[in-house]
Amino acid sequence: MLNKNDFLNLHMQKAPARVFITSLNDEVELRALNISELETFIKLTNDEKTKLDAIFYVVSTCCVNPSFTADELKILNATAFKIIDEIATKILNISQETSAITPR
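Note that the numbering used here has the sequence shown beginning at 3, numbered continuously upward.
Rather than coming from a laboratory, the hints here were simulated on the basis of the structure.
Do not take every clue at face value.
Pairs of lysine-lysine residues, derived as BS3-like cross-links and limited to a Cα-Cα distance of at most 30 Å, are as follows [claimed, not checked]:
1) 51 x 76
2) 84 x 45
3) 53 x 76
Whole structure, please, built from the sequences with the hints as guidance.
This is how it looks when you write it as structure tokens:
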């Protein structure tokens, strides 16, 4: 779990954070969403037809290692979707924490 200093470091240096993904049983490198990416995510989640695309967008945008394209994520099976969903949740948590401590 990242603490506040880790989140600040992630945001200030734009460096990816290593986060353990339980359903993958491994660590991945994630970066936070920037403001523009977060706005795109919000737009996608506001439309019922594109909510799933929002998850694919977040993971393909911010999963540094391993990296995925949105198209690759769409062809994965249901087991892999649990991993994708968990990674997306971690990215959103990182993004919320970094924006909460960033001076405006």
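For each hint, the structure was consulted:
no., hint, verdict
1, 51 x 76, "holds, 14 Å"
2, 84 x 45, "holds, 23 Å"
3, 53 x 76, "holds, 13 Å"
When each numbered hint is compared with the structure, no violation occurs for any of them.
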